[in-house]
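Student: Residue 146 in the numbering used here sits at position 135 of the sequence shown, and the numbers go up by one each step.
Bear in mind the hints are in silico, worked out from the structure with no lab data behind them.
Where is the CB? At the ideal position from N, CA and C, for every residue including glycine.
Any given hint could turn out to be false.
Claimed, not checked - Here are the simulated lysine-lysine pairs, DSS-like style, with alpha carbons at most 27 Å apart: (1) K115 - K71; (2) K84 - K71; (3) K115 - K207; (4) K55 - K71; (5) K84 - K55.
Stated by the list, open to error - Just the calculated beta-carbon pair ranges, DEER-fashion: (6) P260 - R83: 20 to 28 Å; (7) I183 - L53: 34 to 42 Å; (8) G251 - E21: 21 to 29 Å; (9) V249 - R14: 41 to 49 Å; (10) V249 - A34: 47 to 55 Å; (11) R131 - N227: 45 to 53 Å; (12) N227 - V252: 17 to 25 Å; (13) A94 - G166: 37 to 45 Å; (14) K84 - E46: 36 to 44 Å; (15) K115 - S50: 24 to 32 Å; (16) M12 - H56: 13 to 21 Å.
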Amino acid sequence: MSRVLVVEDEAHLAQGLRFNLEAEGHAVEVSGDGESALSRLLEKHETFDALVLDVMLPGKSGFNVASELRERKNYVPILMLTARGRAEDVLQGFASGADDYLPKPFELPILIARLEGLLRRTSWMKEAAKREIPPTADHASFEAQGRPDLFTFSGKTIDFGELELRTFGNTIHLTVMEAEFLRHLIRNNQKVVSRKSILEEVWGLHEDTDTRAIDNFVVRLRRYIEDDPSQPRHLQTVRGVGYRFVADPE
Numbered sequence: 012m013s014r015v016l017v018v019e020d021e022a023h024l025a026q027g028l029r030f031n032l033e034a035e036g037h038a039v040e041v042s043g044d045g046e047s048a049l050s051r052l053l054e055k056h057e058t059f060d061a062l063v064l065d066v067m068l069p070g071k072s073g074f075n076v077a078s079e080l081r082e083r084k085n086y087v088p089i090l091m092l093t094a095r096g097r098a099e100d101v102l103q104g105f106a107s108g109a110d111d112y113l114p115k116p117f118e119l120p121i122l123i124a125r126l127e128g129l130l131r132r133t134s135w136m137k138e139a140a141k142r143e144i145p146p147t148a149d150h151a152s153f154e155a156q157g158r159p160d161l162f163t164f165s166g167k168t169i170d171f172g173e174l175e176l177r178t179f180g181n182t183i184h185l186t187v188m189e190a191e192f193l194r195h196l197i198r199n200n201q202k203v204v205s206r207k208s209i210l211e212e213v214w215g216l217h218e219d220t221d222t223r224a225i226d227n228f229v230v231r232l233r234r235y236i237e238d239d240p241s242q243p244r245h246l247q248t249v250r251g252v253g254y255r256f257v258a259d260p261e
């Protein structure tokens, strides 16, 4: 049974979600604001399998709640509820650390499907991570020794199963969306990936929107994978088009 925390200040909506998610077999708790949710997760160290997080909350917004959780190294999967489905709002949610989004108003079966899909995806990644991890190679490799969830380049290893980036004795935890973004770029190694492709294939946004949110997302990923983020060698900008990942830059 999955344990889910619903963070929603509209009591009728929160209780409706609780009733319906419990009917689907989930154990559900409710918090009416961001501060109480953060207290449960960070101070009381309560464990949840997923968080349904509204953006428009009294006090701290859902964006701030997600950001603070990630800054404090809490990586509970987050399904964010946004008042609008604009690409800018959705990407701000992803940039703050959300793993999936759903614009209001929503149909209940869609929310349940998105939540259960997020729980399944996280479970699959954990199952894949239980296999034996092969030694790190000196050159870029993918699907090494039957491990499609590992990618090694320049002394760094991205473990998509564990949602981790391991580099020189350090481990950086990734959100599901950060891992999916990196996977998309890596699968297109040395090819230019357009913003449109990123919006559609990573975030599921079917619109060609130029937004600083993508750039901010890339800035964060560069801090993870680049020796000098101000001089990126692996995650390169192709001006006016998009981005290119280069595993072995010359």
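Student: Decide, hint by hint, whether the structure agrees.
Tutor: Consistency of the hints with the structure:
Note on K115 and K71: the hinted pairing holds, with a Cα-Cα distance of about 19 Å set against a maximum of 27 Å. As the CA atoms of K84 and K71 are separated by approximately 18 Å, the hinted pair is consistent with the 27 Å bound. About 24 Å separates the Cα atoms of K115 and K207, which keeps this hinted pair within 27 Å; it holds. Of the supplied pair hints, the one linking K55 and K71 holds, its CA atoms being roughly 18 Å apart against a limit of 27 Å.
This hinted pair checks out: K84 and K55 have alpha carbons roughly 15 Å apart, not beyond 27 Å. Between P260 and R83 the Cβ separation comes to about 34 Å, which falls outside the hinted range of 20 to 28 Å. For I183 and L53, the Cβ-Cβ distance of about 19 Å falls outside the hinted range of 34 to 42 Å, so the restraint is violated. Distance hint check: the CB atoms of G251 and E21 are about 43 Å apart, inconsistent with the given range 21 to 29 Å.
Against the hinted window of 41 to 49 Å, the Cβ-Cβ separation of V249 and R14 comes to about 43 Å, which satisfies the hint. Judged by the Cβ atoms, the range 47 to 55 Å given for V249 and A34 holds: they are separated by roughly 48 Å. Here the CB-CB span from R131 to N227 is close to 29 Å, at odds with the stated 45 to 53 Å. Separated by about 18 Å at the C-beta atoms, N227 and V252 satisfy the suggested range of 17 to 25 Å.
For the pair A94 and G166, the supplied restraint of 37 to 45 Å holds, since their beta-carbon distance comes to about 43 Å. Checked against the hint of 36 to 44 Å, the C-beta distance between K84 and E46 comes to roughly 19 Å, which is inconsistent with it. In this structure the supplied range 24 to 32 Å holds for K115 paired with S50, their Cβ-Cβ distance being about 25 Å. One distance hint, 13 to 21 Å for the beta-carbon pair M12 and H56, holds here, with the actual separation near 20 Å.
Going down the numbered hints, you'll see the structure goes against 6, 7, 8, 11 and 14, while the others check out.
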